[in-house]
Amino acid sequence: MILNMGPQHPSTHGVLRLLLEIDGETVVKCIPDIGYLHTGIEKTCEAKFYQQVVPLTDRIDYLCPMTNNLTYCLAVEKLLQLEIPPRAQYLRVMLNELTRVNSHLVWLGTHALDIGAMTVFLYCFREREELLRIFENVSGQRMMTSYFRIGGVSMDPPIDFWHKAKTFIDKFSDRVDEYEGLLTSNPIWIERTRNVAHLTADDCNSLGVTGPTARASGIDWDLRRDMPYSSYEKFQFKVPVTNTGDVYGRYLLRVQELRESNSIARQAMEGMPEGPHKADAGKIVLPDREKMKTQMEALIYHFKIVTEGFTVPAGEVYQGVESPRGEMGYYVRSDGTAKPYRVHMRAACLANLTALEKLCVGRLLADVVAAIGSIDIVLGEIDR
Amino acid sequence: MPIQPVITDLEHLKDRPAVSALRSASLLEAAKFDRNELTTYVNRADIKQACEILRDSPETKFNFLADITCVDVFPSEPRFEVIYNLLSHSRKERVRLIAKVPGGDASIESVMGLWPACDFFEREVFDLFGVRFIGHPNMRRMLLPEDWEGHPLRKDYPVEGYR
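Sequence order for the protein chains is A and B.
Each residue of the first sequence is one higher than the one before, counting from 1 in the numbering used here.
Each residue of the second sequence is one higher than the one before, counting from 1 in the numbering used here.
Calculated from the structure, these hints are not laboratory results.
From the three backbone atoms N, C-alpha and C, an ideal C-beta is built for every residue, glycine too.
Errors might be hidden in some of the hints.
As the list claims (entries may be wrong) - Restricting the straight-line Cα-Cα distance to at most 20 angstroms, the calculated cross-link-like pairs of lysine to aspartate or glutamate (DMTMM-like) are: (1) Lys92(B) - Glu308(A); (2) Lys61(B) - Glu37(B); (3) Lys283(A) - Glu270(A); (4) Lys339(A) - Asp288(A); (5) Lys155(B) - Asp226(A); (6) Lys61(B) - Asp160(A); (7) Lys48(B) - Glu81(B); (8) Lys32(B) - Asp105(B); (9) Lys61(B) - Asp203(A); (10) Lys92(B) - Glu149(B); (11) Lys43(A) - Glu93(B); (12) Lys43(A) - Glu59(B); (13) Lys339(A) - Glu93(B); (14) Lys92(B) - Asp220(A); (15) Lys61(B) - Asp220(A); (16) Lys48(A) - Asp72(B); (17) Lys43(A) - Glu160(B); (18) Lys43(A) - Asp46(B); (19) Lys48(A) - Asp34(B); (20) Lys48(B) - Asp105(B); (21) Lys32(B) - Glu308(A); (22) Lys283(A) - Glu260(A); (23) Lys61(B) - Glu270(A); (24) Lys166(A) - Glu270(A); (25) Lys171(A) - Asp160(A); (26) Lys48(A) - Glu160(B); (27) Lys92(B) - Glu59(B); (28) Lys155(B) - Asp202(A); (29) Lys339(A) - Glu160(B); (30) Lys92(B) - Glu297(A); (31) Lys100(B) - Asp147(B); (32) Lys48(B) - Glu59(B).
Claimed, not checked - Calculated from the model, a selection of chain A residues having no Cβ within reach of chain B, i.e. all distances over 12 angstroms: (33) Ile2; (34) Lys43; (35) Thr44; (36) Lys78; (37) Phe168; (38) Asp220; (39) Thr244; (40) His277.
Given only the sequences and the hints, what does the whole structure look like? Please build it.
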């Protein structure tokens, strides 16, 4: 029998359509059908100036918008060969890690909800509400922040941001203990997730799977540690790698990542250097408002950047970043004008989705839901 | 930071493992080292052999296929540049492999035998650019509806679309 797990389904985490050929309760074939969220972002980027692409990037992987911003800004800064001041780099790291916490909280809440544990969902979203308030404090927007700009960050964080962030970071580790207390030794959770949807390390490498899904199968690869960017080399953090490869193993790994991200955010906050939050490049970075209102050159630069954009020397770069789902990469090619010639987003989830067939075939229908949740897909990134 | 110049001279690049591995199999057409990234150009008929050499040779060991994408350089010919992004976990290095495909006969061999990861990437390039991958078991549209006409990411397709 061919069953259609249609685009509208509470457990597919977005508009994913799965064509499942089942024999009784066992899945024989699993064919994903995507494209329901395709909005042509890659084509739209070719019609906009470089700084206008930044808000578009937020909406691609909408659960970790700051990570998208960071990848795009790092790629364009590589093209411009622009150096970013240390304060901007530390701010980027701190907010990137808080975004990772945010994304993993959504993953945990929805994954547990699919399997039936509804309390975890409410607990995770309670924390997420505080994080969204912190993001609103720093950038004015809860989700689609566009806070990182080409050349640094858009504004220095307000005075009460530090107090709010410190309160959150200090009590977050106790909250993770609460989630673990609800799930980790729960016999129902273990029955539903242990030895379900196994993925080996060779499968991960040949199918292009990255991120926590691959690390739970034994592949010791994390772009933050192995190919560091934006001053990640200055931070101490462990990269959890386990060998279990099943849904339970991926759950434990992501919970450990929650703790590690919290610790990186704390290190960034405590070691935050003083200094400018934007690079000193008048033709590329918008000047401060006070300078723009009082100095003639700043006004002219502001006008030129907003109306005509800035030209980027011709070339092509690929910048890979460790997003909560895996390797997110942006390939940007410039032809010397103010609009990018080609922007391509390497979505981590698109590669992770190729593993879905392998995870589901031969298993029960109920395990399909657990498998989808454990890969942590976001359709915005897959479809773009 | 001073602007680093582009290095395209093969003499300066010949010590890099990817360049030397491809050169010893006489598959390399050109190479470029720009902004700390190595780009190599191969002929589209040799793409599968080049990928195999880069994956299996012990000096290069590019075991992971990160991305396959395409750029349309209309009106110059060859029109499509299919770009393969490879990553070596053990050597922590990336390389970009570019194969130019003409607009009239837009097809290239699929690397499905080497990395099954290329499944969705190649389908996406076919969907948005129209470049066919020979040997791919499932070459059909992925992001756009099956009855869509045209390939949107080509440069002669307007941003606003036709509908």
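* Asked: CA of Lys92(B) to CA of Glu149(B), is that 20 angstroms or under?
  -> violated (41 angstroms)
* To do: Verify the proposed pairing of Lys339(A) with Asp288(A), using a straight-line Cα cut of 20 angstroms.
  => violated (24 angstroms)
* **Distance restraint between Lys339(A) and Glu160(B), which requires alpha-carbon spacing of 20 angstroms or less** => holds (17 angstroms)
* Asked: Lys283(A) and Glu270(A): Cα distance at most 20 angstroms?
  -> violated (32 angstroms)
* Would the pair Lys48(A) and Asp72(B) pass a check requiring their Cα atoms to be no farther apart than 20 angstroms? -> holds (17 angstroms)
* Asked: Do the alpha carbons of Lys32(B) and Glu308(A) lie within 20 angstroms of each other, as the hint requires?
  -> violated (30 angstroms)
* Asked: Holds or violated: are the alpha carbons of Lys100(B) and Asp147(B) at most 20 angstroms from each other?
  -> Violated, because 28 angstroms separates the two Cα atoms, which is more than 20 angstroms.
* Asked: Going straight from one Cα to the other, do Lys171(A) and Asp160(A) come out at no more than 20 angstroms?
  -> holds (17 angstroms)
* Asked: Does the structure keep Lys43(A) and Glu93(B) at a Cα separation of 20 angstroms or less?
  -> violated (29 angstroms)
* **Hint consistency between Lys43(A) and Glu59(B) [alpha-carbon to alpha-carbon, up to 20 angstroms]** => Violated, at roughly 38 angstroms.
* With a cut-off of 20 angstroms on the C-alpha distance, tell me whether Lys61(B) and Glu37(B) pass. => holds (17 angstroms)
* Verify the proposed pairing of Lys61(B) with Asp203(A), using a straight-line Cα cut of 20 angstroms. => holds (17 angstroms)
Comparing the model with each numbered hint stated earlier shows that hints 1, 3, 4, 5, 6, 8, 10, 11, 12, 13, 18, 19, 21, 22, 23, 28, 30, 31, 34, 35, 36 and 38 do not hold.
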